[in-house]
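Student: Residue numbers (my numbering), protein chains in the order written: chain L, 1 to 336; chain S, 1 to 263; chain V, 1 to 272; chain R, 1 to 291.
These are computed hints drawn from the structure, not numbers from a lab.
On a predicted model such as this, the values are computed, not experimentally measured, just so you know.
Beta carbons are placed, not taken as given, at the ideal position from N, Cα and C, and that holds for glycine.
Do not take every clue at face value.
As the list claims (entries may be wrong) - Covered stretches of chain V (in silico footprint by chain L; criterion: 3 or more residues with CB under 8 angstroms from a CB of chain L, positions within the stretch not fixed):
#	segment
1	13-23
2	54-67
3	234-241
What the hints assert, rightly or not - Here are some of the chain V residues that sit facing chain L, going by a computed Cβ distance under 8 angstroms:
#	residue
4	LEU37
5	ILE106
6	ARG109
7	VAL213
8	ILE228
9	LEU249
10	VAL253
11	GLN258
Said to hold, decoys possible - The list that follows gives simulated cross-link-like pairs (lysine to aspartate or glutamate, DMTMM-like), each with its CA atoms no further than 20 angstroms apart:
#	chain 1	residue 1	chain 2	residue 2
12	L	LYS227	R	ASP95
13	S	LYS38	S	ASP13
14	R	LYS171	L	GLU228
15	L	LYS332	S	ASP13
16	L	LYS227	L	GLU131
17	S	LYS38	S	GLU198
18	R	LYS171	R	ASP183
19	L	LYS332	R	ASP134
20	R	LYS8	R	GLU233
21	R	LYS32	S	ASP257
22	R	LYS104	L	GLU131
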Amino acid sequence: MTLLRALFMRLLTMAITLFGVAVVVFFLIRVVPGNPIAMMLPPGATEEDITRLQALYGFDKSLFQQFLIWGGDVLRGDFGTSISLRQPVSELVLGRLPATLELSLFALVIAILLGGLMAFLGTLYRHSMAEAAVDVTSGTALSVPDFLWALVLILLFGVLWPVFSISGRVSPSLDFDFATNFYIIEAALRLRFDVVGHLLGRSFMPALALAIPLAAIIAQLLKQSLKETMHLDYVTLARTKGYSETWVILSEALPNAVLPTLTLIGVQFTFLIGGTVIIERLFSYEGLGNMAIDAVINRDLPLIQGIVLLFAALFTVINLVVDMLCVILNPKLRHA
Amino acid sequence: MYEIRNLRLSFPDMAHKPLFGAPPQIEILKGLSFDIPKGVVLGIVGGSGSGKSTLGRAMLRLLEPSSGTIRFDGTDITHLSEPELRPLRRRFQMIFQDPMSSLNPRRQVHGLIAGPLRLHGMEDVTGRVSRALDMVGLPQNFATRYPHELSGGQRQRVGIARALALEPDFILADEIVSGLDVSSQAQVLNLLSQLVDELRMTLAFISHDLSVIRRLCTRVLVLHHGKIVEQAETAALFDAPAADYTRELLAAIPLPDPYQEWA
Amino acid sequence: MGARLWLSGTWLGLLALAALFAPWVAPHDPLAQDLFLGRLPPFWMDGAEPGYWLGTDSLGRDVLSRMIHGARIALMVALIAGTLTCLIGATLGVLAGFYRGWSDRIISRLVDIWMAFPPVLFAILLIAVLGPGLLSIILAIVIIDWTRFARVIRAETLSQGAMDYVASAQVAGRTRFSTMIAEILPNILPTVIALLTLEMGIAVIVEAILSFVNLSISTDSPTWGGMIAEGRTSVHQAWWVLVFPLFTLFLTVLSFSQLGEGLKDRFDPVLR
Amino acid sequence: MSGFLDIKGLTLRLRGGPTILRSVSLRVASGKVHGLVGESGAGKSTIGKAVLGTLPRAIEITGGEIWLDGVNLLALPPRERRRRIGATAALIPQDPLTALNPSKRIGPQITRRLIDILGWSKADANRRARDILDEVHIPDVARVMRSYPHELSGGMRQRVLIASAFAAEPKLIVADEPTTALDVTVQKQILRLINEMRARHGTALLFVTHDLGVVSKVCNSLSVLYAGKVVEEAQMHRFFTQPIHPYSRALLAATPTYLDPDGSLQPVPAEVIQEVETEVHQHAQRAGYDV
Chain L
1 MTLLRALFMR
11 LLTMAITLFG
21 VAVVVFFLIR
31 VVPGNPIAMM
41 LPPGATEEDI
51 TRLQALYGFD
61 KSLFQQFLIW
71 GGDVLRGDFG
81 TSISLRQPVS
91 ELVLGRLPAT
101 LELSLFALVI
111 AILLGGLMAF
121 LGTLYRHSMA
131 EAAVDVTSGT
141 ALSVPDFLWA
151 LVLILLFGVL
161 WPVFSISGRV
171 SPSLDFDFAT
181 NFYIIEAALR
191 LRFDVVGHLL
201 GRSFMPALAL
211 AIPLAAIIAQ
221 LLKQSLKETM
231 HLDYVTLART
241 KGYSETWVIL
251 SEALPNAVLP
261 TLTLIGVQFT
271 FLIGGTVIIE
281 RLFSYEGLGN
291 MAIDAVINRD
301 LPLIQGIVLL
311 FAALFTVINL
321 VVDMLCVILN
331 PKLRHA
Chain S
1 MYEIRNLRLS
11 FPDMAHKPLF
21 GAPPQIEILK
31 GLSFDIPKGV
41 VLGIVGGSGS
51 GKSTLGRAML
61 RLLEPSSGTI
71 RFDGTDITHL
81 SEPELRPLRR
91 RFQMIFQDPM
101 SSLNPRRQVH
111 GLIAGPLRLH
121 GMEDVTGRVS
131 RALDMVGLPQ
141 NFATRYPHEL
151 SGGQRQRVGI
161 ARALALEPDF
171 ILADEIVSGL
181 DVSSQAQVLN
191 LLSQLVDELR
201 MTLAFISHDL
211 SVIRRLCTRV
221 LVLHHGKIVE
231 QAETAALFDA
241 PAADYTRELL
251 AAIPLPDPYQ
261 EWA
Chain V
1 MGARLWLSGT
11 WLGLLALAAL
21 FAPWVAPHDP
31 LAQDLFLGRL
41 PPFWMDGAEP
51 GYWLGTDSLG
61 RDVLSRMIHG
71 ARIALMVALI
81 AGTLTCLIGA
91 TLGVLAGFYR
101 GWSDRIISRL
111 VDIWMAFPPV
121 LFAILLIAVL
131 GPGLLSIILA
141 IVIIDWTRFA
151 RVIRAETLSQ
161 GAMDYVASAQ
171 VAGRTRFSTM
181 IAEILPNILP
191 TVIALLTLEM
201 GIAVIVEAIL
211 SFVNLSISTD
221 SPTWGGMIAE
231 GRTSVHQAWW
241 VLVFPLFTLF
251 LTVLSFSQLG
261 EGLKDRFDPV
271 LR
Chain R
1 MSGFLDIKGL
11 TLRLRGGPTI
21 LRSVSLRVAS
31 GKVHGLVGES
41 GAGKSTIGKA
51 VLGTLPRAIE
61 ITGGEIWLDG
71 VNLLALPPRE
81 RRRRIGATAA
91 LIPQDPLTAL
101 NPSKRIGPQI
111 TRRLIDILGW
121 SKADANRRAR
131 DILDEVHIPD
141 VARVMRSYPH
151 ELSGGMRQRV
161 LIASAFAAEP
171 KLIVADEPTT
181 ALDVTVQKQI
191 LRLINEMRAR
201 HGTALLFVTH
211 DLGVVSKVCN
221 SLSVLYAGKV
231 VEEAQMHRFF
241 TQPIHPYSRA
251 LLAATPTYLD
261 PDGSLQPVPA
271 EVIQEVETEV
281 HQHAQRAGYD
291 V
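Looking at chain L on its own, in the form it has when it is part of the complex (with noise of 0.2 angstroms):
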């Protein structure tokens, strides 16, 4: 009950959250001085291609009737077309989609792995230099931005110490026909591990500035719960039992110190797709960001509009799924 109840209330806002962003992108694009048609079009473009295009998105109509008719193709999966590419933008970003996903997850497993074990090992070691030198490095690596190490990065093993590439998703010279753009799920499944390395390989720069500020706020926020958790006396009697720190910290006090990390990791996994726009840019990665941004250099109002939805909504869907998640790991909410 209270499971579907949270669930049914989650949806809503999430609805309501989508009109908001819809309303928001639609008007704010609209509203500001200047014609969007003189936005859209490259200068020089003739008086008559103004007046086509305006009758062709229906600029000639109010702004409230222009809503309603974009609300309504929305609804029906219809985004309309890109100016700049022309093709329609529900092709264009599902096809883009893939990529920043897949870039995404990938940042997301390294900063888990690379988090967890700074929060592991600065609880184990707590009160020691150890626990201090993870403070420090997740301290810097949290003021950081990943623009900022994206750059560090770059300069460190793509220039000085070239070891890594740093620009595109595949290499050129791969041979190998991707039959759908999800092309690391798509090598893995197809068991072709070299080729799987490979990708890896090229989108583990970009991935790894993704990932340090979030392995930073992992670190930082699961070392805290670890710590305050191995206080509980719950800690103390495993202890009084017999066993030993690491099997405490691993089986006892995690299981209960990870909640509030994961609600965490949801509101931060959405900031870490939000800097896949710039982080894309810069690794030459071919992208839903690296599309935003064209789009916007080109003032390709649909395709815009298309994008930010779909950041949206990517985004909302990751918010309910962390909470769910959150609600069937606690065994109190679960059994309420």
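Given chain L's structure and the hints, the job is docking chains S, V and R onto it.
Tutor: Relative to the frame of chain L, chains S, V and R by itself:
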């Protein structure tokens, strides 16, 4: 001083809220009626979940009752709005259980006691603060300390001084010694009983500990699951407890005496 | 503990001085091009030209002078955008957390909607709409980042509001508004200050990102982000054009966040 | 008579800080209950932690011996010591609300250590858990074994913890303020249960509490602590009839009882505190460590 009739208070139970519509109500106080005459020190005793703290907060109108009436000195305060209550507030004061939480950590002792005085436009604030410190037996130089620089017993004295300085007609003390060691507990209890005698205060003293209640109170009210199971003069209650629950409560107290019939 | 406060404070102080007196401190005109002096290396390398301490870029502009003038824009954005964002976001956060009810519902819903935007894309979009320029950048940062303050301050206010000192202010007869100002505000101030300096660092980064995608002030004005974008393309020929502004940016952002943490510790009388 | 637990001259200090325990000695014989009494900060819980090897890392042991069942624990390597404690001793903790792992069912919380540490078979461990839960008067044992902690009341959880402590037939149990968080009526039931279980199993019990009333109901002997030092060690009846140390007398006078409404409470007088402080200080100087 206080006349309380058929007091009820409920909270919404969000854990069992249906998908649509209002959540069910959990009734904490189930129709309480009692009086606190002027000059009485009333002990309110009960176990956890008895509703004793909720009752205290309702009496001070930090919570609004669901039904029933609370009259303070003849005025019906049951549903008064906050601005209407404000002029009355000087007259009923409260000492909180946890002084670490109830004393603003960013104020010095002087500010903590003086703030409410200024609020009610009382004259000679400095003199009143210094007299209040005297009354609770704190040295004057404590005025410039912050709460975290005091011991638990000292913090609780500041809480008492703050309530006393306003010269209220009524004070509610909510479990004010439960967090203290026996020696500071004894000091605070002695202080309180001495002040009660000197100032002829009306006091309600909430506690889970009957031994403490007996030490201080003239009347006792026993709460159990949101209902009054017994109210009586202190001596009468301890000599001949009428309600089963009171007897059970008394029999369960371990006295520091190896020869007590207990098991 | 004091070390990071002093280190970060010193760096930011130096930067502020350099920015304030940029025309007198900078050895060259940051915009002056001289194609004969293109890609000069920094002073310790072979082929360096005296007076061009950190070398020149491909157009022969002095890197050090451009960085000093870039600091003006960076710090201006940091101060103005940071302060405005803080004022608006923290006010909304306190209102939502203290009064709860409908104000909380509206503000929280708005925050939810804002959080569904990828911030960098939002910023780029806003600049595209508002047009480039210092004012647009500041406006964009305020519009996007008020939610950071609103979220954190709301949560902090909620937890402070549950403390008994708030109930005791009510018992003493304080009005709600005065309780918020006199009792709660001093207790959330350290958090506000830490967030404020953090936000200043973020503002510098946003400006750099926008310059990087060529949407910031104008191509003429020397900005750190613009220099980084330029240096990125010629990193194999002239690494110094990328490394110096990148290092400065890194240090500045780090300093802002460490300054905030340091101040928060210092101004917290309660030992946590 | 040698005690089952024998602490000799145990001295602890905060790393780089003040001394916490000053040469504490005490013994608990098999089947007997020894109380540790004192106000907060006196170091009574710390002794229990030292015995069970759960001292916070900030505290270091600077001297003394802890003999458990004829073995000096402090002379063992850490791994060996952990095993030894796990096999012979157990803890009944203070707060039943935080002493059970909220994410695990009750059954495994009792059986895991029997299987992991003591090498029992799963079936044996389960049978044992059911028996011992039955013994602490828990109704519907099968359901409780499947429950999560939050589904049980505070008193019920404390029963589970007692059962868990006795499950492996330890020879020593440290009870750290086991009833402080409970209502008096529940406290009475729990104390009776502890007495009953201890008598049946012949376990030695080290009982940490601040409540002299509780001590008088449970213990055979007690040590009174002040500032990390034992100021008085006594058999129970003697202590309550003729307390020797002024601090003990002051403590008794400060404890309110409902039988004695008019006898005013005596807070511990400043002279007594002063006296004890001096005594502690001299003792510290004799032993040659800083205060």
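Student: Take the hints in turn and mark each one as holding or not.
Tutor: Hints, one by one, checked against the model:
1. 13-23: violated (count 0)
2. 54-67: violated (count 0)
3. 234-241: holds (count 3)
4. LEU37: Not OK, violated: LEU37/V not within 8 angstroms of chain L, min 24 angstroms.
5. ILE106: violated (11 angstroms)
6. ARG109: Given a least distance of 7 angstroms, the restraint on ARG109/V holds.
7. VAL213: With Cβ-Cβ at 6 angstroms, under 8 angstroms, it holds.
8. ILE228: holds (7 angstroms)
9. LEU249: At about 6 angstroms, which falls below the 8 angstroms cut-off, the nearest Cβ of chain L leaves the hint on LEU249/V intact, so it holds.
10. VAL253: Status holds, d = 6 angstroms.
11. GLN258: Status holds, d = 7 angstroms.
12. LYS227/L x ASP95/R: Roughly 18 angstroms separates the two Cα atoms, so the pair holds.
13. LYS38/S x ASP13/S: At roughly 37 angstroms apart (the allowed maximum being 20 angstroms), ASP13/S and LYS38/S break the hint.
14. LYS171/R x GLU228/L: violated (31 angstroms)
15. LYS332/L x ASP13/S: The given pair, whose Cα atoms are some 16 angstroms apart, holds under the 20 angstroms limit.
16. LYS227/L x GLU131/L: holds (11 angstroms)
17. LYS38/S x GLU198/S: Distance of about 14 angstroms is within 20 angstroms: holds.
18. LYS171/R x ASP183/R: violated (29 angstroms)
19. LYS332/L x ASP134/R: Judged against 20 angstroms, a Cα distance of about 25 angstroms means the pair is violated.
20. LYS8/R x GLU233/R: holds (14 angstroms)
21. LYS32/R x ASP257/S: holds (19 angstroms)
22. LYS104/R x GLU131/L: violated (29 angstroms)
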